[in-house]
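Peer 1: Use these hints to put chains B, C and D with the ligands onto chain A, whose structure you have.
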Amino acid sequence: MGKVAVVGIGHTKFGKRSDVTIRELAFEAIKEALEDSGLTPSDVGFAVVANYGGFSEDMCPAPYILEYAGLNPKGAMRVEAACASGSAAVHAAYWSVRSGLTDIALAIGVEKMFQVDTPTAVELLGRAGDVLWEFIPFGTTFPGYYALIATDHMNKYGTTEEQLAMVAVKNHKYGAMNPLAQLHREITVEEAINSRVIAWPLKLYDCCLISDGAAAVMLASEDKAKKITDTPVWIRGLGSATDTGYLGRRKDISTLQATVLASKQAYKMTGIEPKDVDVAEVHDCFTIAEIIAYEDLGFCKKGEGGKLIEEGQTYIGGKIPVNVDGGLKSKGHPIGASGVAMTAEIVKQLRGEAGKRQVPKAEVGLVHNVGAAGQFCYVTIYGREG
Amino acid sequence: MGKVAVVGIGHTKFGKRSDVTIRELAFEAIKEALEDSGLTPSDVGFAVVANYGGFSEDMCPAPYILEYAGLNPKGAMRVEAACASGSAAVHAAYWSVRSGLTDIALAIGVEKMFQVDTPTAVELLGRAGDVLWEFIPFGTTFPGYYALIATDHMNKYGTTEEQLAMVAVKNHKYGAMNPLAQLHREITVEEAINSRVIAWPLKLYDCCLISDGAAAVMLASEDKAKKITDTPVWIRGLGSATDTGYLGRRKDISTLQATVLASKQAYKMTGIEPKDVDVAEVHDCFTIAEIIAYEDLGFCKKGEGGKLIEEGQTYIGGKIPVNVDGGLKSKGHPIGASGVAMTAEIVKQLRGEAGKRQVPKAEVGLVHNVGAAGQFCYVTIYGREG
Amino acid sequence: MEQPTIKNTLNIDMEIPQTRIAKFWEGLKQGKLFATKCTKCGETYFPPTADCPRCYSSNMNWIELTGDAELITWTIVHVSPKSFSQHSPYIIAIAKLKEGPNVMAWFTGIKPEDIKAGMKLKLVPKYIPEKEKLSYEFIQSCNINFRDGVCRL
Amino acid sequence: MEQPTIKNTLNIDMEIPQTRIAKFWEGLKQGKLFATKCTKCGETYFPPTADCPRCYSSNMNWIELTGDAELITWTIVHVSPKSFSQHSPYIIAIAKLKEGPNVMAWFTGIKPEDIKAGMKLKLVPKYIPEKEKLSYEFIQSCNINFRDGVCRL
Ligand SMILES: [Zn+2]
Ligand SMILES: [Zn+2]
Chain A
1 MGKVAVVGIG HTKFGKRSDV TIRELAFEAI KEALEDSGLT PSDVGFAVVA
51 NYGGFSEDMC PAPYILEYAG LNPKGAMRVE AACASGSAAV HAAYWSVRSG
101 LTDIALAIGV EKMFQVDTPT AVELLGRAGD VLWEFIPFGT TFPGYYALIA
151 TDHMNKYGTT EEQLAMVAVK NHKYGAMNPL AQLHREITVE EAINSRVIAW
201 PLKLYDCCLI SDGAAAVMLA SEDKAKKITD TPVWIRGLGS ATDTGYLGRR
251 KDISTLQATV LASKQAYKMT GIEPKDVDVA EVHDCFTIAE IIAYEDLGFC
301 KKGEGGKLIE EGQTYIGGKI PVNVDGGLKS KGHPIGASGV AMTAEIVKQL
351 RGEAGKRQVP KAEVGLVHNV GAAGQFCYVT IYGREG
Chain B
1 MGKVAVVGIG HTKFGKRSDV TIRELAFEAI KEALEDSGLT PSDVGFAVVA
51 NYGGFSEDMC PAPYILEYAG LNPKGAMRVE AACASGSAAV HAAYWSVRSG
101 LTDIALAIGV EKMFQVDTPT AVELLGRAGD VLWEFIPFGT TFPGYYALIA
151 TDHMNKYGTT EEQLAMVAVK NHKYGAMNPL AQLHREITVE EAINSRVIAW
201 PLKLYDCCLI SDGAAAVMLA SEDKAKKITD TPVWIRGLGS ATDTGYLGRR
251 KDISTLQATV LASKQAYKMT GIEPKDVDVA EVHDCFTIAE IIAYEDLGFC
301 KKGEGGKLIE EGQTYIGGKI PVNVDGGLKS KGHPIGASGV AMTAEIVKQL
351 RGEAGKRQVP KAEVGLVHNV GAAGQFCYVT IYGREG
Chain C
1 MEQPTIKNTL NIDMEIPQTR IAKFWEGLKQ GKLFATKCTK CGETYFPPTA
51 DCPRCYSSNM NWIELTGDAE LITWTIVHVS PKSFSQHSPY IIAIAKLKEG
101 PNVMAWFTGI KPEDIKAGMK LKLVPKYIPE KEKLSYEFIQ SCNINFRDGV
151 CRL
Chain D
1 MEQPTIKNTL NIDMEIPQTR IAKFWEGLKQ GKLFATKCTK CGETYFPPTA
51 DCPRCYSSNM NWIELTGDAE LITWTIVHVS PKSFSQHSPY IIAIAKLKEG
101 PNVMAWFTGI KPEDIKAGMK LKLVPKYIPE KEKLSYEFIQ SCNINFRDGV
151 CRL
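Just so you know, the sequences run in chain order A, B, C and D. Throughout the first sequence, residue numbering follows UniProt numbering, covering 1 to 386 in sequence. Throughout the second sequence, residue numbering follows UniProt numbering, covering 1 to 386 in sequence. Throughout the third sequence, residue numbering follows UniProt numbering, covering 1 to 153 in sequence. Throughout the fourth sequence, residue numbering follows UniProt numbering, covering 1 to 153 in sequence.
Chain A extracted, bound-state conformation (with noise of 0.2 Å):
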């Protein structure tokens, strides 16, 4: 069967965008993929719309954003997987060129965050949660969920609040780098200690952001897309899982199952081990998340996340490098965005046009996307070659 590229990509700022409505955010991202790719709204077959949604007006949001981006009368649908939403739209995406229904289909993530106040963010957030069992009688945040999965962590293998310290100031670094992030301020471990406790031993700069942003990617089936561009990144690999949504109901909670099994599945598809992977976008919404994706997804093994990072092996220039835009925690977490938004910067990477942040000769690349506390996991694997 024929193979499925992207062919085109957008990325909006992302930060507090009080200046705009979420449909004029999504119009930037898609106006700018369509740009990208050359084509025009009518070349589109199908539009998958990522949106958690509750912080913004529509409950049906995905009509809305067609409308006003001119993309009707083109079949579309929402999805949804709490924070692994936009790669599950990347993935529906995918199925549909795939499945030969279309040649080309549109992914769509956006979120507008600051249209309620912290606690409402807050509260909208931690019902991703178990609502019935966890978030009505506890009160659990998604700070919370990976506090309490931190706290594991660091008690079987000896994690330090430093190391979780030093993901941040990495990706604070990379952030500081990226025009399109939502903070550019390179931070210090001493400084990400010492910030105030959100849910210990969670801290303000172990935290990702509340944001708004959108992002868009045109896929295309392997001839349109030979057309279309001379630098398709070409979708090799893709895998999802799924994990209790009560926590307790998890044998351990120091690892993401659903993490585990959905890159199993992409590397399986592709050929390719963690050994092979240039550059990854990993879902770091919290420090400790990355530092155990670093485990789950195989870059190293079981419990030394800590010391890889400690090793400075996720820089340019180690041996992964990861969120090398400033991932979750610096360019920000538009929930329904942000997996879109990975998948645009692992094609900048591996066309070779992320200017200071550039992985030198990355060919192959993987963008990790979690949904709530490992309730959904999406992995997908990109190429320079097919």
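Think of the hints as simulated: they come from the structure by calculation, not from any bench. Wrong hints could be hidden among the right ones.
Claimed, not checked - In silico DSS-like pairs for lysine-lysine, Cα to Cα no more than 27 Å straight-line:
1) K251(A) x K29(D)
2) K173(A) x K268(A)
3) K122(C) x K251(B)
4) K29(C) x K96(C)
5) K251(B) x K82(C)
6) K98(C) x K31(A)
7) K251(A) x K32(D)
8) K251(B) x K40(C)
9) K156(B) x K122(C)
10) K7(C) x K29(D)
11) K82(C) x K16(B)
12) K31(B) x K251(A)
13) K133(D) x K16(B)
14) K7(C) x K156(B)
15) K82(C) x K82(D)
16) K116(C) x K307(B)
17) K31(A) x K251(B)
18) K156(B) x K3(A)
19) K7(D) x K13(B)
20) K111(C) x K98(C)
21) K96(D) x K251(A)
22) K111(D) x K156(A)
23) K31(B) x K23(D)
24) K7(D) x K29(C)
25) K16(A) x K96(C)
26) K23(D) x K16(A)
27) K96(D) x K126(D)
28) K7(C) x K133(D)
29) K7(C) x K251(B)
From a predicted model like this one, the values you see are computed outputs, not experimental measurements.
Peer 2: Frame of chain A; chains B, C and D with the ligands shown alone:
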């Protein structure tokens, strides 16, 4: 490329299901679909959950439904296309199988609308419209949207309140014969016409119900399907389209352009014409919607939908039996479940398992599922032959 | 015996930016109705948009509307959403503006039996200072002053 | 000049049925903690489920829990959601029940510096009659009476 078949169906009792949570309700449908197909959770490759949301506790319902039904660690996503979410799930599940990424996919639709009071349900549904330019300033409701469409259709084509009532009479007749339906009461044209006004010219009996319910359908690739069952029902054609969110942006609001375009795609894919369809499930969220669907799907000429029901042509024995399960009108309309439940009903008909409501010699069936006021439309054509 | 339930409340207050069409809201305050018109393809948008869905230009001109319109369709909403419970019944209409776009708004100051498709309407700005609420509505077209939003035929 | 915005509020009150696990809530009222145990495959569920995700049986037995548990992990939530703004900071813990399942609940009556992985906890029912609120929480395991939810070591 390989064909895809429905190999298992599940459909709960629709109605006020205050005896169960959304998880327990979805479990009923999933269990039935597994038993019907003879498969186990471990056979499932991917699960797509359709849910509009807002009425029930989980902002991110998929993981909790998967956990409750023992479907972890299978990959999953939620899809939403307003009232067409169920068909969006069937299409996404189809793609996932057709793409070759999995052999077996499960589409699950569920909604629990009775967890909120009626004014809140009206509010949440109204917010599927254009929240910025219709809902917030003018309090548009879904009966209101379809009333605007009805007024226009009546003015243009002379469609009468009696004809609208006749749709309700037919659907109540079949609902009374369907043990899974919410209402089991036949009504008369007089009763319908004299019922209280909801959004003039639509009255109580022109409007679908607030409902709780779930449905699930198991899809399999050609090879697998033949091994699983002797009565696969093949997905032969698919189409989907969108229309503008803001109703004022449409040239003609007496037609749903998305239906016209989506059905053309599906007919073209199959080579089937409207006259070849033996039985149809059409989106009768309001009686006017069924009349317009007759026209937009090509079962009669534009403007003659009222005549078609007046002549009784959409009863069993007529030219094209429509909604002989009671439709959304009498069977109920639990938003996310509806498109999946329509699929289950067509499969029953094509298997010859519809009992008293069986359309004789049904070989080709059509499912028409509209999201919001025509913002989305999904059409799917099923056949006993592939 | 009463069955146990879990009661839960979710309350969301949001603030939706209107920065890029600020002129529209200023216009309403001043009793004027503005639409946007694409400088590239000439399409007119009401509600106004800051970008053109047709040609993707973001160079839009503001044009003042006459408010002249012709009724296409209408409904009378009796069962209203929670947030409109004190307002029902209300008449919602869609009418075609002289300048092109079809617009949805309340149609006020009219008896339902007097409404007919094709009748001339006027779209007028509506400003309720005490509620700081800016909106617009249809009234019957007439020649006398309707600055206070009431049509005196 | 202040930029215009549209303010909007959405308020949802819902009531979630607990009919099929009514015995669990009655148990809490009586100071007892119940789990379900599948009669077919023997799996124990807390929070209780009316159906078994493992073998799809719906024949579940109710078993009373001892409450004995061992701490796995914990956090102290300082930044809380809107609906918990008056409660923070609070300690959330996950502990393994003697009967098998891991449970998440608040851990009360303890100083953060005294918490250690592996420590013995007791999961106890909690009933606040004036608020009609039924819940459960972890306290430090001890031999004396903890009916009022306070651990007196
Ligand atoms: Zn233009
Ligand atoms: Zn069992």
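Peer 1: Give a verdict on every hint.
Peer 2: Taking the hints in turn, this is what the structure says about them:
1. K251(A) x K29(D): Violated, at roughly 30 Å.
2. K173(A) x K268(A): Distance ~33 Å between K173(A) and K268(A) Cα, so the pair is violated.
3. K122(C) x K251(B): holds (20 Å)
4. K29(C) x K96(C): holds (23 Å)
5. K251(B) x K82(C): Status violated; Cα separation ~31 Å.
6. K98(C) x K31(A): Answer violated: K98(C) to K31(A) is near 31 Å, above 27 Å.
7. K251(A) x K32(D): holds (26 Å)
8. K251(B) x K40(C): holds (22 Å)
9. K156(B) x K122(C): holds (23 Å)
10. K7(C) x K29(D): holds (17 Å)
11. K82(C) x K16(B): Measuring from Cα to Cα gives roughly 20 Å; hence the hint holds.
12. K31(B) x K251(A): Distance ~25 Å between K31(B) and K251(A) Cα, so the pair holds.
13. K133(D) x K16(B): holds (26 Å)
14. K7(C) x K156(B): Violated. K7(C) to K156(B) sits at ~48 Å, over the 27 Å cutoff.
15. K82(C) x K82(D): Holds. K82(C) to K82(D) sits at ~22 Å (cutoff 27 Å).
16. K116(C) x K307(B): At roughly 24 Å apart (the allowed maximum being 27 Å), K307(B) and K116(C) satisfy the hint.
17. K31(A) x K251(B): Answer holds: K31(A) to K251(B) is near 25 Å, not above 27 Å.
18. K156(B) x K3(A): Between K156(B) and K3(A) the Cα gap is close to 49 Å, so the pair fails against 27 Å, i.e. violated.
19. K7(D) x K13(B): Violated: K7(D) and K13(B) sit about 40 Å apart, past 27 Å.
20. K111(C) x K98(C): holds (24 Å)
21. K96(D) x K251(A): Answer holds: K96(D) to K251(A) is near 10 Å, not above 27 Å.
22. K111(D) x K156(A): Holds: K111(D) and K156(A) sit about 22 Å apart, inside 27 Å.
23. K31(B) x K23(D): holds (24 Å)
24. K7(D) x K29(C): holds (17 Å)
25. K16(A) x K96(C): Judged against 27 Å, a Cα distance of about 37 Å means the pair is violated.
26. K23(D) x K16(A): violated (48 Å)
27. K96(D) x K126(D): holds (19 Å)
28. K7(C) x K133(D): holds (10 Å)
29. K7(C) x K251(B): Distance of about 45 Å is beyond 27 Å: violated.
Going through the hint list in order, the structure does not satisfy hints 1, 2, 5, 6, 14, 18, 19, 25, 26, 29.
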